[in-house]
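Mind the numbering: the sequence shown is residues 1425 to 1642 in my numbering, read in order.
In case anyone wonders, no lab produced these hints; they're calculated from the structure. Hints may be right or wrong, so weigh each one.
[Said to hold, decoys possible] Listed next, with one range per pair, are the computed distances between beta-carbon atoms:
no., residue 1, residue 2, range
1, 1440, 1583, 37 to 47 Å
2, 1426, 1557, 24 to 34 Å
3, 1577, 1554, 32 to 42 Å
[To be verified] Below are the BS3-like pairs computed for lysine-lysine, each with C-alpha atoms no more than 25 Å apart in a straight line:
no., residue 1, residue 2
4, 1503, 1547
5, 1547, 1455
6, 1484, 1503
7, 1455, 1484
8, 1455, 1433
9, 1503, 1433
Please read all numbers here as calculations on a predicted model, not as lab measurements. Cβ coordinates follow ideal geometry from the N, Cα and C atoms, glycine included.
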Amino acid sequence: MSIPQNLAKVRERISRSGRDPDTVEIVAVTKGFDISVCREALAAGLRVLGENRVHEAIVKMDQLPDAEWHLIGHLQTNKARQAAGRFVLIQSVDSARVAEALARVAPTQQVLVEVNVAREPQKSGAEPAQALEVISAVARMLELKGLMAMGPSTGDPTAAFTELRQLRDRAEERLGKALPVLSMGMSGDFEAALAAGSTMLRLGQVLFGPRPDRSIVM
């Protein structure tokens, strides 16, 4: 099926989850896809494109400057200078050190704090026990908009997504400001994320199909 058809099906599933599709932001995850797929996504009405790696994103940005670009992959401190000011939203800030590196270059950068609510060692994100301290530190240095998380690799993600929403609520009380963005939910678990209160979905395969295998030489 085409990207417009896939997007229509996603919007139907959002509606069946009891949410208005117009109130849920879809980040089209274009990691690994070439620029033609990015153009098709924009033509289909998708507005926000998400990339995992700074260098891949910058190459695409130069060709599609009118798209809204989000960084959704892990951001290392030594890449922060390259990323600062280039993305509308950096979703993967997970430490005060990364926030400080971004703030040196772009103190008005909009960000989310990533929290490892799945508690899986292979995933990035602030540890839940330290998350409120990280959130407070980040909010002092950058324009904090909310929180981001990945669900667990296996099993029911409901508890993890609910924990992120509850953490956001506590952070709002501590900071005395709204944190409207809850970025949680990917192709395999976005209905559960919506039920837990997600406002932003990061979708790749359900829109574009399997990611190309870049290890195959054509």
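Hints and how they fare:
1. 1440 <-> 1583: 37 to 47 Å: violated (22 Å)
2. 1426 <-> 1557: 24 to 34 Å: violated (46 Å)
3. 1577 <-> 1554: 32 to 42 Å: Violated: the Cβ-Cβ distance is about 22 Å, outside 32 to 42 Å.
4. 1503 <-> 1547: holds (18 Å)
5. 1547 <-> 1455: Satisfied, since the Cα-Cα distance of roughly 17 Å is no more than 25 Å.
6. 1484 <-> 1503: holds (17 Å)
7. 1455 <-> 1484: holds (10 Å)
8. 1455 <-> 1433: holds (21 Å)
9. 1503 <-> 1433: violated (36 Å)
Going through the hint list in order, the structure does not satisfy hints 1, 2, 3 and 9.
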